[in-house]
Amino acid sequence: MKNKTRHLFLVFNATYENTNIDTINEHIYIDKNMGEVIWGQFTTHPNQNQFEQLKIKVLDSQVENNIPTFVFFYSGKSGQEKELYCADYIAQYGRRKIGSDIMDLVPTYYHDRVNADPVQGKYTCKSYVRVRNIRKISISHLDNMYQFESPYYSVEKIIEEYPRPKPVLYINLDEGLYNRCCETFDSYSEDYDELENIEIKDKIDNYEVVISKDEIETIFVEEPIKRSEKKQSSIKREFKTRKTGYIKKAQNDKKIGDEGELFVIKVEKARLEKLGVKDIDKKIKHISLERGDGDGYDIESVDIDTSGQEVPIYIEVKTTTNKSINYPFFITKKEVEVSIVKEANGEIYKLYRVYDFDLSKGKGKIYISQGSLLDSFNCIPEVYKASK
Numbered sequence: 001m002k003n004k005t006r007h008l009f010l011v012f013n014a015t016y017e018n019t020n021i022d023t024i025n026e027h028i029y030i031d032k033n034m035g036e037v038i039w040g041q042f043t044t045h046p047n048q049n050q051f052e053q054l055k056i057k058v059l060d061s062q063v064e065n066n067i068p069t070f071v072f073f074y075s076g077k078s079g080q081e082k083e084l085y086c087a088d089y090i091a092q093y094g095r096r097k098i099g100s101d102i103m104d105l106v107p108t109y110y111h112d113r114v115n116a117d118p119v120q121g122k123y124t125c126k127s128y129v130r131v132r133n134i135r136k137i138s139i140s141h142l143d144n145m146y147q148f149e150s151p152y153y154s155v156e157k158i159i160e161e162y163p164r165p166k167p168v169l170y171i172n173l174d175e176g177l178y179n180r181c182c183e184t185f186d187s188y189s190e191d192y193d194e195l196e197n198i199e200i201k202d203k204i205d206n207y208e209v210v211i212s213k214d215e216i217e218t219i220f221v222e223e224p225i226k227r228s229e230k231k232q233s234s235i236k237r238e239f240k241t242r243k244t245g246y247i248k249k250a251q252n253d254k255k256i257g258d259e260g261e262l263f264v265i266k267v268e269k270a271r272l273e274k275l276g277v278k279d280i281d282k283k284i285k286h287i288s289l290e291r292g293d294g295d296g297y298d299i300e301s302v303d304i305d306t307s308g309q310e311v312p313i314y315i316e317v318k319t320t321t322n323k324s325i326n327y328p329f330f331i332t333k334k335e336v337e338v339s340i341v342k343e344a345n346g347e348i349y350k351l352y353r354v355y356d357f358d359l360s361k362g363k364g365k366i367y368i369s370q371g372s373l374l375d376s377f378n379c380i381p382e383v384y385k386a387s388k
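For the sequence shown, the positions run 1 to 388 when UniProt numbering is used.
The set of hints was computed from the structure by calculation and includes no laboratory data.
A quick note: this is a predicted structure, and the numbers were derived from the prediction, not measured.
It cannot be assumed that every hint is accurate.
Restricting the straight-line Cα-Cα distance to at most 20 Å, the calculated cross-link-like pairs of lysine to any residue (SDA-like) are [to be verified]:
| no. | residue 1 | residue 2 |
| --- | --- | --- |
| 1 | K32 | D101 |
| 2 | K166 | I219 |
| 3 | K32 | S324 |
| 4 | K274 | T306 |
| 5 | K166 | Y74 |
| 6 | K342 | E310 |
| 7 | K342 | S372 |
| 8 | K323 | E222 |
| 9 | K365 | I331 |
| 10 | K55 | S150 |
| 11 | K283 | I313 |
| 12 | K226 | G371 |
| 13 | K323 | I219 |
| 14 | K285 | A270 |
| 15 | K82 | K4 |
| 16 | K365 | E310 |
| 17 | K122 | K55 |
| 18 | K166 | E52 |
| 19 | K82 | H141 |
| 20 | K361 | V210 |
| 21 | K365 | K166 |
| 22 | K136 | N33 |
| 23 | K4 | S154 |
| 24 | K269 | K323 |
| 25 | K122 | Q41 |
Use the sequences and the hints to build the structure in full.
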């Protein structure tokens, strides 16, 4: 039985033009490191500048309604191994809709074709699809995919009968394949999937992990530019979620947060040791552990000002396991308010943004943002309190 949801099927060349560049692996690399990737669809036709909107808008509507939606990538020129991949659909863009804020999601080997004027007879990007969680699936599943409009051939039949099938197809899946794809669907929030169950989570104990004062220079990185300083794309990334285990998610989110705070405590001790601060254990307080999360920050520490005096600092820690320095995170109204008040009072409020955090090692990378969180980040309301 066919599932009624619609999906995208793209045909691609295994290598890029006359090079040895591996098309799929270049995209998988970005997906694994950035958490998502933008796939450019090439054409030699100068008048093609986007996907067929009436058809692909159905996919956008499905995503808006939290319906798992997929993109399939097929490669199988004559004499080459046939390969089939599946990815989770996020959004689609026209020829000139890639802003500089998301350019790093496009593989560098075809940056020169992005937002470029078409040249007759030369391949250029006509449209783009934003996906995540690319995974290889069995080529046999071609027989479980169907062109959604007449003739309702299976994709396998289309490929067999047409040596050069259309590079873009809009398809339905049979119920079995759709359910299998949903089982590996990444719900746009990957951190809690780092741990498969509570038993594994409880085994993690990073109290014995040591951070040396010589190591901290490799931990701190430069704070990235706020994205509002760049040209923004017309389509924003949205966080969607399927029905999932919210208790498990909350438990794992808390575990990641707790481990991140423990990591920062150790980093602070190493940093103060390097600065020559005395009685370090008395200068660092784990506030969220002692009093809970109601203060709007997690840690109290000190820094050395320009006159050589110790000054108190208030640290909020945000931790994610994603490797991307630009991966979004959640902050609370209280944290925002405290950051604004502290800055207005001349106090030092810092956000320690821990990313690429390895739970098994208890270490990650950190950049520091000082002052009002509203000034430092683009804050988008995600949850509202409603009443009548």
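Check whether the Cα positions of K32 and S324 lie no farther apart than 20 Å. holds, 9 Å
Please work out if K166 and E52 have their alpha carbons no farther apart than 20 Å. Between K166 and E52 the Cα gap is close to 13 Å, so the pair holds against 20 Å.
Pair hint outcome, K122 versus K55 [Cα-Cα no greater than 20 Å]: Not satisfied, since the Cα-Cα distance of roughly 26 Å exceeds 20 Å.
Pairwise hint evaluation, A270 against K285, where the allowed Cα distance is 20 Å at most: Measuring from Cα to Cα gives roughly 15 Å; hence the hint holds.
Given pair status - H141, K82, alpha carbons within 20 Å: Holds, because 12 Å separates the two Cα atoms, which is no more than 20 Å.
Is K32 close enough to D101, meaning Cα to Cα at most 20 Å? With a Cα-Cα distance of about 19 Å, the restraint between K32 and D101 holds, given a limit of 20 Å.
Sort out whether I331 lies within 20 Å of K365, counting only the CA atoms. Given pair K365, I331 holds - Cα atoms ~19 Å apart, limit 20 Å.
Given hint G371 paired with K226 - CA-CA distance at most 20 Å: Given that 20 Å is the threshold and the Cα spacing comes to 14 Å, the pair holds.
Regarding the pair K323 and I219, is the alpha-carbon distance no greater than 20 Å? holds, 13 Å
Going straight from one Cα to the other, do K122 and Q41 come out at no more than 20 Å? holds, 13 Å
Keeping to a limit of 20 Å between CA atoms, is the pair of K361 and V210 held or broken? Distance of about 10 Å is within 20 Å: holds.
Between K365 and K166, does the CA-CA distance stay at or below 20 Å? violated, 44 Å
Of the numbered hints given earlier, the model fails hints 2, 15, 16, 17, 21 and 24; all others are met.
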